[in-house]
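Q: Sequence:
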Amino acid sequence: MIKDQELVKKHEDLKYSLKTNSSIRTENQIHKIMSYMSSLSFFKNIIIPMGDDVMHKVCGVMDYECFDQDQFICNKGELGGKFYVILKGIVKVLVSSTINDISEYETCQLKEGVGFGEFSLLHNQPRIASIQCLTKTEVATLTKENYLNIIGKAESKRMEDQIRFLKSFSIFKKWSKGNIMKISYFFKEKTYTRKTVIFHEGDNANEIILIKTGELEISKSIQTPTKNRISLMRTFSRPQSANLALLGPGQMVGDEILNSDKHLYTCTVYSLSATILVMNKKDFIAHVTSEDIQDLLISENETKEKIRNFRMRSLIKIQNSYSPEVEGKFDKRFEKESMVKGKNVVNTQTCNSIFIKKDSRFKRVGKVDVKQIASKARINLFTSVSNSFLHINLRKHISPLCSRISEKTLEQSFSSPLKIEQKRILSREGLFKLRKRSPECEWIKKSVKH
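Sequential numbering from 120 applies to the sequence shown in the numbering used here.
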């Protein structure tokens with residue numbers, strides 16, 4: 120309640136200060152105006168960056184006006200004499216179609232803190248739009264002379280940059296400055312931070328986006344292979360979406376909605392921040408898309424779709440290189456090689472005859488066992504089970520220390536059938552007998568005799 124009273128008092132002080140003739144306006148009144156105006160978007164974005172001196176000059180010469188509901192603040196075709204900043208209330212902007220100048224359309228609504236009327240003052244041309252009050256509206260005004268003297272150069276540069284930016288798009292290249300300024304009223308400027316999703320794939324498509332600053336990432340969901348398979352890649356998660364494009368300033372997003380009611384892609388802010396201009400789909404179709412522009416957009420969209428589809432197919436092809444279908448080919452080759460050898464199981468070396476018993480712990484290894492061993496072999500190639508030693512014979516790729524396998528073997532993974540060897544386990548006595556029969560031992564005996 121107290122805050123509301125303070126706001127009302129502050130607004131009344133502003134009105135009184137603005138109504139005071141600028142020639143007798145006190146420094147205290149100017150500071151009150153500056154304090155209030157600093158919270159409005161027009162001053163925050165345009166006037167304050169110019170410096171305190173410019174802010175002081177503007178607030179020292181501004182006036183106050185009030186308009187009733189449905190009253191026109193200015194009309195299309197009139198010569199402009201003032202610049203306006205909305206203090207309170209809502210107005211609508213009415214412009215004529217770029218194709219047919221007879222009928223007028225409501226392009227957008229302007230609220231507190233927004234300025235309008237600059238085009239007519241900067242270019243000394245008639246008003247290109249009518250402004251009508253939707254509610255009782257209070258505005259601060261600058262005369263044409265004061266506007267041009269204080270902020271005219273900076274505003275002229277800002278407007279030229281806006282026109283140059285829009286003309287950089289192929290659909291606006293042949294448009295006049297007047298028509299571009301008309302269409303600029305349809306755009307709303309928005310700023311997003313990094314990783315903000317502007318729209319998702321499958322969302323209702325109702326906006327066209329022009330990138331002013333920053334970068335946007337375009338992605339699309341793709342199907343990934345299942346993880347329920349034997350592969351070195353099994354432990355790695357698959358991405359759920361494919362990044363198809365990275366778009367920057369001067370590029371359009373969402374133009375595919377002209378042929379679809381749903382977004383075909385997901386759009387995410389990639390840079391630290393991004394500023395975009397957004398136009399409603401209905402307004403875009405009604406005021407921008409003539410037959411020539413439609414043909415141009417269709418042609419550009421087809422080119423973009425071809426590039427994105429090619430990239431998506433490439434990504435899917437890479438991911439499918441680890442899919443079950445590909446591994447199925449390896450399984451078939453495994454079976455063929457086994458059938459050629461006349462064996463449906465993996466070869467094993469029999470153990471020493473002294474260990475061959477009915478209750479022997481050695482057994483023939485089947486295909487299912489091989490797959491289980493192979494899946495574990497990625498972690499431990501050597502596993503002790505019941506005092507036995509499993510040795511995976513990967514041809515010549517085992518290192519001399521038998522503790523790791525080379526990268527070449529890992530790349531080949533298990534594309535060829537494994538050969539499992541069960542080595543003999545000898546007793547202490549058996550080891551001594553084996554040592555006595557060795558060539559080194561025979562050489563020592565001969566040396567001792569001599």
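No lab work stands behind these hints: they were computed from the structure. Check the hints yourself; a few may be wrong.
[As the list claims (entries may be wrong)] Once the Cα atoms are required to be at most 25 Å apart in a straight line, the calculated BS3-like pairs of lysine-lysine come out as:
1. Lys276 - Lys255
2. Lys309 - Lys176
3. Lys400 - Lys286
4. Lys401 - Lys211
5. Lys176 - Lys296
6. Lys176 - Lys207
7. Lys211 - Lys230
8. Lys211 - Lys128
9. Lys307 - Lys201
10. Lys286 - Lys276
11. Lys201 - Lys293
Small disclaimer: the values here were computed from a predicted structure and weren't measured.
Q: Each hint should be assessed against the structure and marked as holding or not.
A: How the hints compare with the structure:
| no. | hint | result |
| --- | --- | --- |
| 1 | Lys276 - Lys255 | violated, 33 Å |
| 2 | Lys309 - Lys176 | violated, 29 Å |
| 3 | Lys400 - Lys286 | holds, 19 Å |
| 4 | Lys401 - Lys211 | holds, 17 Å |
| 5 | Lys176 - Lys296 | violated, 30 Å |
| 6 | Lys176 - Lys207 | holds, 22 Å |
| 7 | Lys211 - Lys230 | holds, 9 Å |
| 8 | Lys211 - Lys128 | violated, 28 Å |
| 9 | Lys307 - Lys201 | holds, 23 Å |
| 10 | Lys286 - Lys276 | holds, 15 Å |
| 11 | Lys201 - Lys293 | violated, 30 Å |
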